[in-house]
Structures are given as structure tokens and as C-alpha cells.
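There are 2 protein chains.
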Amino acid sequence: MSSNVPIAHGDITAPTPQNTPLTHAPIAAGLSRPTVPDISEDNEPAEDESEDPAQITGAQAAMLGLVQGRLADLVGKSSGYIESLPIDVKKSVEALKGVQVKQNELQNQYKRECLELEKKYLELQLPLYERRNAIISGAAQATAEEIEAGSQASLKDDPLYTPLPSDEAAPAAIPEFWLTALRNHVGLSEIITERDASALKNLTDIRLSYLPSDSPKPGFKISFIFSPNDYFENDVLDKTYLYQEEVGYTGDFVYDHAIGTEIKWKEDKDLTKEFEIKKQRNKNTNRTRLVRKARPTDSFFNFFSPPVPPPENEDEEKLEMDYQIGEDLKEKIIPRAIDYFTGKALEYDVMDEDEDDFDELDDEDEDGQFDDEDSDSEVELPRRRGPPKGRGWLECRCCQP
Amino acid sequence: MSSNVPIAHGDITAPTPQNTPLTHAPIAAGLSRPTVPDISEDNEPAEDESEDPAQITGAQAAMLGLVQGRLADLVGKSSGYIESLPIDVKKSVEALKGVQVKQNELQNQYKRECLELEKKYLELQLPLYERRNAIISGAAQATAEEIEAGSQASLKDDPLYTPLPSDEAAPAAIPEFWLTALRNHVGLSEIITERDASALKNLTDIRLSYLPSDSPKPGFKISFIFSPNDYFENDVLDKTYLYQEEVGYTGDFVYDHAIGTEIKWKEDKDLTKEFEIKKQRNKNTNRTRLVRKARPTDSFFNFFSPPVPPPENEDEEKLEMDYQIGEDLKEKIIPRAIDYFTGKALEYDVMDEDEDDFDELDDEDEDGQFDDEDSDSEVELPRRRGPPKGRGWLECRCCQP
Numbered sequence: 001m002s003s004n005v006p007i008a009h010g011d012i013t014a015p016t017p018q019n020t021p022l023t024h025a026p027i028a029a030g031l032s033r034p035t036v037p038d039i040s041e042d043n044e045p046a047e048d049e050s051e052d053p054a055q056i057t058g059a060q061a062a063m064l065g066l067v068q069g070r071l072a073d074l075v076g077k078s079s080g081y082i083e084s085l086p087i088d089v090k091k092s093v094e095a096l097k098g099v100q101v102k103q104n105e106l107q108n109q110y111k112r113e114c115l116e117l118e119k120k121y122l123e124l125q126l127p128l129y130e131r132r133n134a135i136i137s138g139a140a141q142a143t144a145e146e147i148e149a150g151s152q153a154s155l156k157d158d159p160l161y162t163p164l165p166s167d168e169a170a171p172a173a174i175p176e177f178w179l180t181a182l183r184n185h186v187g188l189s190e191i192i193t194e195r196d197a198s199a200l201k202n203l204t205d206i207r208l209s210y211l212p213s214d215s216p217k218p219g220f221k222i223s224f225i226f227s228p229n230d231y232f233e234n235d236v237l238d239k240t241y242l243y244q245e246e247v248g249y250t251g252d253f254v255y256d257h258a259i260g261t262e263i264k265w266k267e268d269k270d271l272t273k274e275f276e277i278k279k280q281r282n283k284n285t286n287r288t289r290l291v292r293k294a295r296p297t298d299s300f301f302n303f304f305s306p307p308v309p310p311p312e313n314e315d316e317e318k319l320e321m322d323y324q325i326g327e328d329l330k331e332k333i334i335p336r337a338i339d340y341f342t343g344k345a346l347e348y349d350v351m352d353e354d355e356d357d358f359d360e361l362d363d364e365d366e367d368g369q370f371d372d373e374d375s376d377s378e379v380e381l382p383r384r385r386g387p388p389k390g391r392g393w394l395e396c397r398c399c400q401p
Numbered sequence: 001m002s003s004n005v006p007i008a009h010g011d012i013t014a015p016t017p018q019n020t021p022l023t024h025a026p027i028a029a030g031l032s033r034p035t036v037p038d039i040s041e042d043n044e045p046a047e048d049e050s051e052d053p054a055q056i057t058g059a060q061a062a063m064l065g066l067v068q069g070r071l072a073d074l075v076g077k078s079s080g081y082i083e084s085l086p087i088d089v090k091k092s093v094e095a096l097k098g099v100q101v102k103q104n105e106l107q108n109q110y111k112r113e114c115l116e117l118e119k120k121y122l123e124l125q126l127p128l129y130e131r132r133n134a135i136i137s138g139a140a141q142a143t144a145e146e147i148e149a150g151s152q153a154s155l156k157d158d159p160l161y162t163p164l165p166s167d168e169a170a171p172a173a174i175p176e177f178w179l180t181a182l183r184n185h186v187g188l189s190e191i192i193t194e195r196d197a198s199a200l201k202n203l204t205d206i207r208l209s210y211l212p213s214d215s216p217k218p219g220f221k222i223s224f225i226f227s228p229n230d231y232f233e234n235d236v237l238d239k240t241y242l243y244q245e246e247v248g249y250t251g252d253f254v255y256d257h258a259i260g261t262e263i264k265w266k267e268d269k270d271l272t273k274e275f276e277i278k279k280q281r282n283k284n285t286n287r288t289r290l291v292r293k294a295r296p297t298d299s300f301f302n303f304f305s306p307p308v309p310p311p312e313n314e315d316e317e318k319l320e321m322d323y324q325i326g327e328d329l330k331e332k333i334i335p336r337a338i339d340y341f342t343g344k345a346l347e348y349d350v351m352d353e354d355e356d357d358f359d360e361l362d363d364e365d366e367d368g369q370f371d372d373e374d375s376d377s378e379v380e381l382p383r384r385r386g387p388p389k390g391r392g393w394l395e396c397r398c399c400q401p
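Chains as they are written, first to last, in UniProt numbering: chain A, 1 to 401; chain B, 1 to 401.
Hints may contain errors.
[As the list claims (entries may be wrong)] Chain B is faced by these chain A residues, among others (derived, beta-carbon under 10 Å): (1) V89; (2) Q109; (3) E148; (4) Q152; (5) S154; (6) V308; (7) G343.
In case anyone wonders, no lab produced these hints; they're calculated from the structure. Glycine residues also receive a C-beta, built at the ideal position from the N, C-alpha and C atoms.
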């Protein structure tokens with residue numbers, strides 16, 4: 001294992017920018033994550049068995065009962081209470097709803113200002129992104145100051161790190177920088193096929209931009225910049241994510257839909273298709289011929305043909321995944337490309353993800369025990385959506401021999 | 001069920017501010033959630049069996065193997081790649097780390113500006129919070145406009161809602177407003193005992209404020225305002241959450257610790273203690289006497305004696321819960337108190353929470369099946385921390401007869 005990809009050995013340390021996992025907080029850029037449009041499943045075809053109540057497992061049924069009970073109990077309780085109030089008090093309650101409308105308007109205004117702040121800081125980051133790109137492409141040479149600052153950062157991560165000599169370097173492009181960075185993202189690594197990789201070697205930059213403030217829907221665009229290659233004619237592949245004009249219940253933006261650039265594949269180079277050669281016999285002449293049939297196949301480049309949003313499409317999972325990849329590119333990979341290239345970010349991502357799984361196993365056990373006890377004395381908070389529970393024991397062990 | 005607590009019946013509708021669940025996005029106020037300090041568990045006493053590798057279940061062991069394999073594979077891959085690069089390319093990589101340091105500084109500056117924006121909008125909300133409080137306390141009468149706006153909001157939620165006559169009302173305090181709101185929060189409802197409820201009937205407001213910009217650590221304060229009551233002398237109970245000065249790896253604030261007001265309990269009224277009467281016999285005189293022994297008990301008011309942060313305290317779960325309650329008060333209950341009072345917010349909270357549980361059951365099944373297939377073609381994205389997957393089928397069914 002390289003010395004610049006340190007794995008902490010479980011000492012008790014205060015969190016610092018160096019030892020705090022990358023994905024601790026859900027939103028790297030401070031703006032709440034947009035939400036996904038609701039998909040109702042009432043009209044789903046009956047053959048979708050996962051939706052069939054008859055297919056509910058015992059655990060699910062128990063949980064369903066619990067929720068129904070709690071809902072009926074709690075919602076019922078508050079409703080009954082309100083109905084029992086004198087008319088003037090009911091009017092006070094109604095007036096509070098009116099005040100809440102004004103509070104919501106302010107909250108929406110706040111969210112829009114958050115988006116503007118996000119845009120402002122992207123502008124401020126752009127010169128650094130350009131500098132990064134110049135170093136990656138070999139258009140500019142690394143300065144002694146940059147190398148020195150990088151060595152200092154490496155030493156902060158790992159006190160045993162051996163710094164490089166920080167004299168100025170000759171311009172030296174970093175081969176396959178973006179392909180390596182993408183492949184060090186847990187989710188993307190699994191949708192990039194070997195065939196995709198050959199094309200992605202020509203990926204020279206990934207850039208973020210926002211739609212102009214006067215565009216009908218707000219949103220952002222991720223641009224993949226390619227050098228001339230054997231696969232397609234485009235030099236830029238864009239993926240644009242659009243929000244709905246109206247913000248959601250919490251004042252957060254809601255995803256509307258995404259648009260991808262149409263890829264102009266060179267002949268026989270479409271990576272999103274697999275070709276089969278089939279024999280066909282002409283019924284009249286009885287002669288056979290070979291026919292090539294194309295069928296869709298898994299490929300990273302399907303990212304540029306995003307799924308259609310509901311109500312036309314009810315494959316919520318596909319849609320979620322598409323939005324998730326967009327968010328991860330925007331919030332994690334573009335801002336911290338070097339950490340994905342070196343694998344530093346991946347280390348945190350993997351930890352984070354699997355720790356959560358362990359927590360849930362524990363939670364289930366505990367819940368099972370707690371049910372029999374006095375419910376007054378037990379605390380059952382909603383599942384935490386925010387930061388995970390720090391770096392757990394997994395990390396301490398998996399780096400041991 | 002009251003007509004103003006509608007439960008959607010699963011029609012396909014576009015998300016609007018009215019039908020989008022309250023907790024869709026993790027951060028209502030746009031600033032990333034602070035993270036919890038890391039707690040290493042290497043030094044834990046051996047009797048904590050949940051940490052003992054010998055206690056790992058089959059599923060955990062399988063997962064552990066998976067993580068170790070993936071880490072070794074992926075981190076190893078990128079590291080080896082970097083080590084194989086020529087010295088000048090290595091210098092380019094090192095320089096990128098140096099550029100990243102500057103990017104991080106900008107990101108930190110951005111986060112601080114987000115906090116200032118949050119403060120600015122709290123200031124803008126304050127007149128509305130004051131107006132809300134005047135209506136709740138009966139100090140002011142609801143205006144016809146407010147009642148009308150409230151009725152419009154209710155009608156948007158439920159077209160069958162019967163509006164109240166919107167002529168001006170006499171001032172009419174809403175009894176137990178804040179107690180009802182707190183009890184409609186899933187987590188808090190379970191830590192508020194019946195004894196606590198008697199005291200919380202005197203809770204007249206919950207207020208949010210930020211620590212001044214020049215205070216040594218940034219943070220926020222939640223103030224519970226009480227009318228004179230039989231339980232304690234204080235008229236305000238504060239809970240203050242402090243962030244560490246240095247922001248974390250992602251540029252998000254990290255919780256440092258919390259401070260609570262010391263409650264001056266009136267005699268025999270300490271709700272955080274239970275008293276036992278025990279007989280004691282004097283060995284010399286052989287006379288018995290009755291002795292009262294106090295022992296700690298569950299109570300909402302323990303919230304004002306927050307757990308000590310690590311490294312002194314390693315009960316991560318307690319600490320998490322304390323931070324979680326603070327966040328929910330700040331991000332959900334204070335901004336949307338009326339929705340908690342009516343139960344509208346609770347409806348979303350419960351849905352949200354339990355839907356997640358179902359998703360995870362599904363995920364596990366799928367993972368089990370996918371393992372046997374070609375891994376190239378499968379997508380396994382990190383667990384989504386952001387918005388949950390919309391409103392699921394649970395909602396469609398639990399409101400059916």
C-alpha cells in the first residue's frame with residue numbers, strides 16, 4: 001500500500017480536515033440536496049410482485065403494523081385534540097398556518113440565495129480548476145510552491161510520508177487521470193466496463209457549470225471533455241440536470257429531469273450496444289446470409305441517455321441512480337478529483353458505506369430487544385440522514401495483517 | 001382522522017410544496033449538517049462483546065471480507081499506478097495536492113459564508129416567529145388575513161377541507177402548543193414521560209439563536225422558555241451546541257460539545273431522578289428508619305445534561321442522539337412548529353423513516369442475487385445519504401380501510 005494512502009490505526013484523535021471522512025456530511029457544497037419527484041405506485045401492474053401485499057415478509061408485516069399503529073395513534077391524537085378546541089383557538093391555529101406560509105416564502109428565498117452563493121464559489125474555484133487542468137494535461141509545469149504545498153498535505157495525512165524533491169518539474173501530463181479518478185469512485189467503478197475504459201482514456205476534464213439564472217428551470221451541467229478518439233465525434237458530452245421551478249415542501253429543489261448529449265458514435269464503435277451475428281435463411285431462395293443485430297448493453301455511456309422521469313417511467317431506482325451519479329460528480333469527484341485519483345477519497349467512501357450496514361444490523365437487534373421493555377424509557381429516533389457514526393471498528397481491523 | 005391531516009391516496013401527482021415529504025432533503029436550512037467527532041474503538045475494554053471479532057456473525061464476516069477485498073484491490077490498484085509513474089509525473093500529482101489545499105480553503109470560506117447566510121435568514125424569520133408566539137400565547141388576535149391564508153394552505157393540502165369563517169378572532173391562546181408539537185416528533189415523543197409532560201405544559205416558546213461571530217467556537221443555542229411552574233425556578237433552559245473551530249475534511253463543521261442550563265429543581269420535583277424509600281436498621285440501636293434514595297431516571301430534561309464528548313466518553317450512540325435532537329429542533333421543529341402541532345410533519349417523518357427500512361430489506365435481497373452475476377454489468381452505488389426514495393407503497397396502503 002502506498003504511503004500516501006494512509007489508513008488510520010484507530011488511535012483516539014480529534015477530527016481534523018485530514019482524518020474526517022469525505023462523506024461525513026451529505027452535502028459537500030452546502031446546498032441541500034435536491035429531492036427526487038414522488039412516484040406513486042398505486043397504478044403499477046399487478047405482475048410486479050414486490051408490490052403485492054401477499055409477498056410481504058414477516059418482518060415487513062410487523063413493521064407495517066407498527067407504522068399503521070403509530071400513525072393512527074399519533075396523527076389521530078393530535079387531530080382529535082385540534083377538533084376539540086373552541087372556535088377562537090381553532091382560528092389561532094389556522095392563523096399559524098397562514099404565518100407558516102410567509103415563513104416558507106422566506107425559506108424559499110433563502111434556498112435561492114444558497115444557490116447563488118454556490119454559483120459564486122464555483123466562479124472563485126474556476127481559476128484553480130483551470131490550473132489543475134493545465135497540470136494534468138502537461139500544458140503547464142508544476143511550481144516548486146505547489147509541490148511543496150502538496151508534500152505538506154501528504155505529510156499531514158501520513159507523518160512517515162517521504163516528500164518529493166520540490167524543485168520545479170518539467171511539464172508532465174498525468175496519463176489517464178480522469179479515468180483513474182472515476183474508477184476510484186465505488187459506484188462508477190462498477191458501471192465502467194473495460195470497453196468504456198478505452199474510450200475514457202481520452203477524457204481530459206470534467207467541468208461543472210450552472211444554468212443561467214434566467215433559464216426557465218434552474219439546474220447544473222456536467223461537461224465531459226474528450227480529446228479526439230476512435231469512438232465518437234463529439235469533443236464534449238454534457239449531462240444537464242434540471243430542477244423544478246417550484247421548490248419542495250422543505251424549500252429544497254426537486255429534480256425535474258436530466259438531458260444528455262447525443263453521442264455520435266463512429267462506425268461499429270457504439271459502446272452502449274452489443275452486436276450479434278445471426279444466420280438468416282431466405283424462405284424463397286433458401287440462401288443464408290449473416291445479419292448483425294444490435295442490442296443494448298451496460299456501459300458508462302448510457303449515462304448520457306438518462307431515464308425518463310415519472311409519471312411516464314416508474315423505475316424509481318434507475319432514476320435515483322442517475323441523479324446520484326450526477327450529485328456525486330458535482331459534489332465529490334469534480335471538487336476533489338486528486339483525492340479520487342490517489343484513492344484517498346475511495347478509502348473514506350468504502351468505510352462509510354459499509355459501516356452503515358453494520359450499524360443497521362446492530363440497530364435491528366436492539367429494536368428487537370427493546371420491544372419487550374417499557375416503551376416510555378426507550379428512545380427511538382428517526383434514522384439519521386446526516387453524518388454517519390464516525391469511523392468504526394472496521395477500519396481498525398481491515399488494515400491489520 | 002381530521003380533514004386537515006390528509007394522507008395522499010397514491011395518485012400520480014407532481015411534487016409540490018404540499019405533497020413533498022418534510023424530511024426529503026437532509027438539511028432544511030441549506031448548511032451541511034455538522035459531523036460528529038470520530039470515536040476510535042481500539043482502546044475499548046475487552047468486555048464490550050459487540051466489538052469482539054469472535055462475535056461477528058456470518059453476514060458481518062462476509063461483508064468484512066468484501067470490504068477488505070475491495071479496499072486492497074482498489075486502493076492497491078491506484079497506489080501501484082502512482083508509484084509506477086515517472087518522477088516528473090509524480091511531481092504533477094504532488095502539485096495537484098497543493099492546488100487542492102487552495103481549493104479546500106475556498107470551500108471552507110464558502111461554508112463560513114453559508115453559516116452567515118443562515119444567520120441572516122434567521123434574523124429575517126424572527127418577526128414571524130414573534131408573531132407566531134403572540135398568537136400562541138393569546139397576546140395578539142389572529143387577523144382575518146392570517147386565517148384566510150391558513151385556510152388556503154389547508155385547502156391546498158386537502159381540497160375537501162372546510163375553511164373556518166375568516167372574520168377576525170378574539171385573542172385565544174393555544175393550550176399546550178409546544179408540548180403537543182414536541183410529542184408529534186417521533187424521537188422526542190418517546191423520551192417525554194408523563195411526568196415530563198406536566199412540566200412541559202409550561203413551555204411557552206422554543207427559540208433558536210447563533211453564537212456571536214466573534215465567539216471562540218461557532219455554534220447555536222436552543223432556548224426553551226417556560227412560564228412559572230411547580231417544577232423548577234428557571235424561566236429559560238438553554239442547550240448550546242458548539243462546533244470545532246476547524247471545519248472537517250469536506251469543509252463541514254464538526255460538533256465539539258454541547259452545554260445545558262443547570263436546572264434549579266424545586267424540592268422533590270427533579271424529574272430526572274426517581275426516589276426509593278428504603279428501610280435502614282441501625283446496627284447499634286437496632287432501630288429502623290426510612291431513607292430516601294435518589295437514582296437517575298429517563299426524562300426529557302436529561303437533554304440539559306448532555307453526554308461528555310470523546311475521548312472521555314465513548315458512548316457514541318448517546319452523543320449522536322443528543323446532536324440529532326438538537327438538529328431536529330433547529331431544522332424541523334422550530335421552523336415548522338405548526339406542522340408538528342397539527343401532525344402534518346409527523347405524517348411525513350414516519351413515512352420517511354419506515355420506507356427507508358423497506359428499501360434496505362430490498363437492497364439486501366438484490367445484493368444477494370447480484371453476487372452471482374457478472375459484476376461488470378451491475379451497479380452498486382454507495383448508500384444514498386440524501387433524499388429518500390420518495391413516498392413508497394406503504395403510504396398507499398396504510399390509509400386504506
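Against the structure, the hints come out as follows:
With its C-beta approaching chain B no nearer than about 5 Å, V89 of chain A sits inside the 10 Å limit, and its interface hint holds. The beta carbon of Q109 of chain A is positioned within 10 Å of a beta carbon in chain B (closest approach about 8 Å), and the interface hint is therefore held. With a least beta-carbon distance of about 7 Å to chain B, the hint placing E148 of chain A at the interface is held under the 10 Å criterion. About 8 Å separates the beta-carbon of Q152 of chain A from the nearest beta-carbon of chain B, less than 10 Å, and the hint is met.
With its C-beta approaching chain B no nearer than about 6 Å, S154 of chain A sits inside the 10 Å limit, and its interface hint holds. Of the supplied interface hints, the one on V308 of chain A is violated, with its beta-carbon coming no nearer than about 14 Å to a beta-carbon of chain B, more than 10 Å. With a least beta-carbon distance of about 4 Å to chain B, the hint placing G343 of chain A at the interface is held under the 10 Å criterion.
Checked against the numbered hints listed earlier, the structure breaks hint 6 alone; every other hint is satisfied.
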